[in-house]
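Given chain A, work out where chain B should sit, using these hints.
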Amino acid sequence: MKLRDLTELAARNLREAVLRNSLTTLGIAVGVASLVAMLSLGVGLQELASTRLSRSGLFDAVFVTTQANLRAFGGPPRPMAERTSTQPARRLDDDARQQLAQIKNVVEVYPEVRFPTEVQFEGKPFMTTVAGIPASARRDGAFDEMKGNFFSGPEANEAILQIEFARDLAKQTDSLLGKDLVLRYAEKEPLPADAPPENAAHKSAANRSDADDAPASGGFSLVPRELKLRIIGVVETEPATGFGGFGRGRLLIPLQIAQNLRIAQPTDMREMLRGNTGKPSYETLTVRVSSPKVVQSVEDTIKGMGFGTFSILDATKNMMLFFTVFDSLLLIFGSLALTVASLGIVNTLVMAILERRREIGILKALGAADRDVRRLFFVEAGAMGLLGGVLGVALGWLIGRALTIGTNAYLKRQELPAIDISSIHWWMVALAIGVSFFVSLAAGMYPASRAARLNPVEALRYE
Amino acid sequence: MGEMTGTSNGFAVRTEGVSRQYAMGEALVHAVDDVSIAVKPGEFVALLGSSGSGKSTLLNLLAGLDRPTSGAIYAHEHNLAEMSSQQLAHHRSHTVGMVFQAFNLLPRMTLEENVELPLRLAEVDRAERPARVREAVERVSLAARLTHRPSELSGGEQQRAALARALVNRPTILLADEPTGNLDSLTGDAIMHLLQEINRTLQMTIVMVTHDKVRAARYAHRIITMRDGKLVTEGASDEIA
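Top line first, the protein sequences correspond to chains A and B.
Taking our numbering, I'd label the letters of the first sequence as residues 2 to 464.
Taking our numbering, I'd label the letters of the second sequence as residues 2 to 242.
Just so you know, the hints here were simulated from the structure itself, not pulled from any lab data.
There may be inaccurate statements among the hints.
[What the hints assert, rightly or not] Keeping only pairs whose Cα atoms sit at most 20 angstroms apart, straight-line, the calculated EDC-like set for lysine to aspartate or glutamate is:
id, chain 1, residue 1, chain 2, residue 2
1, A, K3, A, D371
2, A, K3, B, E124
3, B, K231, B, D34
4, A, K3, B, E114
5, A, K148, A, E165
6, A, K148, A, D169
7, A, K172, A, D95
8, A, K3, B, D34
9, A, K148, A, E237
10, A, K3, B, D126
11, A, K180, A, E156
12, A, K413, A, E156
Extracted from the complex, chain A is given alone in its bound form (with noise of 0.2 angstroms):
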């Protein structure tokens, strides 16, 4: 029998018992949406997961030190006999910044800009920390539900204010917005190689000049300087731009400007001992990389290059690790649902074999082949499965978004931010549909090779 006139029989047939084949294909919709909510929900965490840590800014990028510094993050300090290397550990400066850009992969480098410092707010003083935010930092989800604006440019005299710290400022810290404060810093002025170091002191910052950046001989000296701010927004918390030394930021500024600060870092007093005040260095640098696969591939390259580098690599595989152990279950739940529809779908097609004992023994004294009676069957099944997929792939859906809409009334409740927790992809559609057709083909299997083996004498007499 050709396909279309097994359709259309099959069609008929589908009809002639059309709430039994209904309660059927309802059966196998709601094993497919269990499925498809499922995995829809796993795959949407994980997105969602994915998306805000990557936004974050910590999975794509390395933060990258001396060797001399990184040993003193990996515990207690280890004596000189037994290090492995006696050549001095390399120096983190421009010239290493520059090598670092050049890498395959790497979208900037950027130094960590942060230090202690005092405020004027209203004629107040407050202690905080500042830190350097990098222009690229906009992209960060730290951003995305901050009142008021992102800097305007790389070197504008703006600040933002950390919610805690801007609470501290004011009771209400919308009232901040459009206001200035005076940021009061030390910052390193460097001494000539034939000045006294007295003669240095007390420059002011209007007479300092390109000249003041020669090389030194000797070391510097610290001038109290002030610098006007305007507070343009006030942020939840600081995203991560380096490994956060002096602890968070609580007042941000563009990082152009914190360079230009020329704040002196802890690491200056190391290198004006070692001799080294010809260039600036850097305590760390962050390397911001285009993905984070390629995390693992230019932190190997750093470390060739005699640098010390630490991501978040491992705690992402971690992270992946999780969501496959937790999609797994969620498919293993989905498919139970799915296994028990099939059972459906068995024991509906027996029912029919049952019920059309004698229409099979007609169709084969009219010359029905065990081949016909077989793809009949097939084919009935099939289309159920195929009926159900898609009605299931589409209450998997709604599923989704109850959850989502319900979720999201919660978190409103809790006045956070609206997420959503559940994705459907095309490669789910066509999955779960696939997979509901070949379930269903597979459930019909055996009710078919039954019905094609029926004997149609015995099946004629069938009353």
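Showing chain B alone in chain A's frame:
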């Protein structure tokens, strides 16, 4: 309607020592026991016998619905006993047409759909089907009832519909199992007239199972009588009667 084709040894259908045994519990039932018959093309043969004589079993064997335990059944040079189930299906679809006592129309299909069903199974071209269906229903004078379902037809009409369905694939042999068994006398006669007409006009070979000796004698060319699965008598209808 259908063109006649050549048959084995000049016969439309022929059996050689054919037997069919069933196991019923521990007992072995010899439904058909060493029966040899030969039916000529265009012949109208009645298989006569009481209930349980094996005549319907023999008819099912001729139709290829059942397989003999031993012996051979020849139709168109081929031994049905050696055919695969696929080949038997082809035999049922193209060589024979069957009519049953209980009509066996599919109740949810209209008359037209019932008659078209063998064409679907035989994979006849769709464009050709309407004409074939019309030709068959016109032969049994049911052209006006095409859209009716079996439940909307009388017993006689249902049997005529079954006859149209049996003829639509233009078989060379028509096998009828008690075709008047469920009909009143008058309607039964009408069906017998129709079978006779088909036999005459189409030169179609007909093997009819019946227990009605009078009708068998009146319409069939030859009567084969069976008892307990064995062939008892065989001869021209006027001789047996």
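Checked hints:
Taking the CA atoms of K3 of chain A and D371 of chain A, the gap is near 14 angstroms; set against the 20 angstroms cutoff, the hint holds. For the hint linking K3 of chain A to E124 of chain B, the alpha-carbon distance of about 6 angstroms falls within 20 angstroms, and the restraint holds. Proposed proximity of K231 of chain B and D34 of chain B is supported: the alpha carbons are some 5 angstroms apart, at most 20 angstroms. Simply put, K3 of chain A and E114 of chain B have alpha-carbon atoms about 16 angstroms apart, close enough for the 20 angstroms limit, and the pair holds.
At most 20 angstroms may separate the alpha-carbon atoms for a hinted pair to count; K148 of chain A and E165 of chain A meet this at roughly 13 angstroms. Our distance criterion of 20 angstroms between C-alpha atoms is met by K148 of chain A and D169 of chain A, whose separation comes to about 16 angstroms. A distance of roughly 42 angstroms separates the Cα atoms of K172 of chain A and D95 of chain A; the hinted pair therefore is violated under the 20 angstroms criterion. Distance check on the hinted pair: K3 of chain A and D34 of chain B sit about 39 angstroms apart at the alpha-carbon level, beyond 20 angstroms; violated.
With a CA separation close to 9 angstroms, the supplied pair K148 of chain A and E237 of chain A stays within the 20 angstroms bound. Pair hint K3 of chain A plus D126 of chain B holds up; C-alpha atoms about 10 angstroms apart against a cutoff of 20 angstroms. With a CA separation close to 18 angstroms, the supplied pair K180 of chain A and E156 of chain A stays within the 20 angstroms bound. Simply put, K413 of chain A and E156 of chain A have alpha-carbon atoms about 37 angstroms apart, too far for the 20 angstroms limit, and the pair is violated.
Checked against the numbered hints listed earlier, the structure breaks hints 7, 8 and 12; every other hint is satisfied.
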